[in-house]
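Colleague: Here are the chains, one letter per residue:
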Amino acid sequence: MSTIALIAPALRRSPVRIAVWAVPIAVILAVVPWVMDSYRTIQLAYGLIFAIAGLGFNILLGYTGLLSFGHAAYFGAGAYTVAFMVKYLHVQSMELFLLGTIAATLLVTALFGYVCVRYTRIFFSILTLALSQVLWSLAFKFFWVTGGTDGLRVPTPKLLGAAFAESEDKIHFLSHAYYYYVLVVFVVAVGVMWLIVHSPFGKALQAIRDNETRARFVGIRIRRYRFVAFLLSGVFTGIAGALWVPLNGLVTPDALVWTFSGEIVFMSVLGGFRNFTGPIVGAVVYNYLKDFAVGFTVYWQTFMGVVLVVLVLTLPTGIVGTAKLLLATARRRRSQ
Amino acid sequence: MDILVIHLFNALLYTSVLFLIAGGLSLIYGVMRIVNLAHGNLFALGAFVTASAVGQWFAGSTSAALYLLIPTGAFAAAAVGAALEPTLLRPFYRRPEEYQLLVTFGILMILEDVMRFIWGPYPLTATTLFEQMGSIKVGEFIYPRYNLLVITIGALAAVFLWAFIYKTRFGVVLRATSQDMRRASALGVNVNLVYIQAFTIGCFMAGLGGAIIVPGQSAVLGMGVDALVLSFIVVVIGGLGSLDGAMVGALIVGLLREFAISTFPELELAVLYLIAAIVLLVRPAGLFGRTT
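Top line first, the protein sequences correspond to chains A and B. Numbered continuously in the working numbering, the first sequence closes out at residue 352. Numbered continuously in the working numbering, the second sequence closes out at residue 503.
Be careful, since some hints might not be right.
To be verified - Simulated crosslink set (EDC-like; lysine to aspartate or glutamate; CA at most 16 Å straight-line):
no. : chain 1 : residue 1 : chain 2 : residue 2
1   : A       : K157      : B       : E479
2   : A       : K157      : B       : E477
3   : A       : K157      : B       : D437
4   : A       : K174      : A       : D185
Hint data in this document are derived by calculation from the structure and do not stem from the laboratory. Quick caveat, the model's predicted, so the values are computed rather than measured.
From just these sequences and the hints, can you work out the full model?
Modeller: Below, the structure is given as structure tokens:
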């Protein structure tokens, strides 16, 4: 299929209407380092990184109907790939990190996906969870390779080949140069994911989600499509992991543990997983919420747990879903 | 030869505890079709309650009284389960599975912190019970008697559960609800009551697992999360929703783990997952699972 044919259905969704939303948001994100302090900017960078992971996660949950409870595995795989490249290959270039991460996460997701896509529903969830714990236990036990619970340190990388000047303040670097780097990758990721889910391939995934039997009837090769969706999902999440490491400066097995997978699920549900923008909003909001809760009390987990329980009880469509619902109601009232 | 007996005992010890946790998880899934991610925390709760009952609250009592205190953890877990099911889980039975998993994940986060709040971040022990029983001689090695008690309790629990589910009237109702909730309900079974009972029994088993293991080890934060992941391997091997499966799965995991730990400890978990993956590729529903 030619590229034009792939992109054409996506473009039919009135570019003007999308631009009305996307351009102001892009402008706001671009000026953030100049108006907010560096701490908040770095928090936003974390949020955008988790948003990339959320986008990747949501192609499985929102578009294919598969709930993965093991996405920390791909996030951590990305993060550890960068750390290994630094430690054993002495690479410093961020672009090489991203390429290496894509290759490594493809390998891991292909291996895990081969087993996991044979199942759906709850079995898929616990299988992804169980497999992700293998990587965690390996990172935990092979401490002479992975540093064990001490983790591996990752220094500031070179962006686009430009060396990070020694005199420059690290915080300043992270909240400016690195923030923009993350922002660009984020925008590219959003664009690519948008094209994917609006392409015939994306529509096929949604058909599988809505009715597996009918999708098979019209000739969709279900397991293969699920497998490709799994690969895409893992690679996006892996890229997020790779971007996260330099910001965090350190990778420990905590990036692989399954409760972190739960946090990725939490973000997507917070934003609303039936919307394209849901996981993005959810990730950014989640990150601020957690930052607030951690600074507020040591029992932040209780706070987040209560938020989660209340959320699924009262707002199952998440922030974006609820906002759309309210907007639609308001519009209907006005037209009456 | 003697070392082999020791290894066998260790494997059986592990099997008993794993069966209690995974059996509870599987029972709850079998009846209510819900996978409780907070199940491991109820295991941890059992351990913490028993440890503080034996080690702190009633530390001065006679030793016989202390042994009778072991089940307190199981009853505490059962009480928490009985409170959770009607309040937080019941609204989710008609909702998609994503939400069921998420609400139990939320409960997991809360329970984890509640335990941190009550017992603090330090490990809790109840070793007096473990030490008082002494040990037996196995050839040239010694083996703690308490561990043999745990194995016995695990075996007794399995027998009781089997008798309860296959030989009593309540068991018939439970199995009927598990097979077809609507029809059972139409025949006059109070499904809500069955659900709350099944969930309570499942939590009781998890709590009992924690309660009997704690004198030999100690209660630490995070033990619940680790236990949950191991019991997932058990139910994946044995088949989710099957008690026979939980028994066989626990036995396989117990034996394999003991073998893996004594030969190549780094790969302990990886070997277990590998076996689980192989079982799934050969028998997708697990060894005893029903394909639905």
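Colleague: A/K157 and B/E479 were given as a pair; does the straight-line alpha-carbon distance stay at or below 16 Å?
Modeller: Holds, at about 9 Å.
Colleague: Mind checking the alpha carbons of A/K157 and B/E477 for me, to see if they're no more than 16 Å apart?
Modeller: Distance ~5 Å between A/K157 and B/E477 Cα, so the pair holds.
Colleague: Is it true that the CA of A/K174 sits at most 16 Å from the CA of A/D185?
Modeller: OK: A/K174 and A/D185 at ~14 Å, within 16 Å.
Colleague: Given the proposed pairing of A/K157 with B/D437, does the C-alpha separation stay at or below 16 Å?
Modeller: holds, 15 Å
Hint compliance for this structure: no hint is broken.
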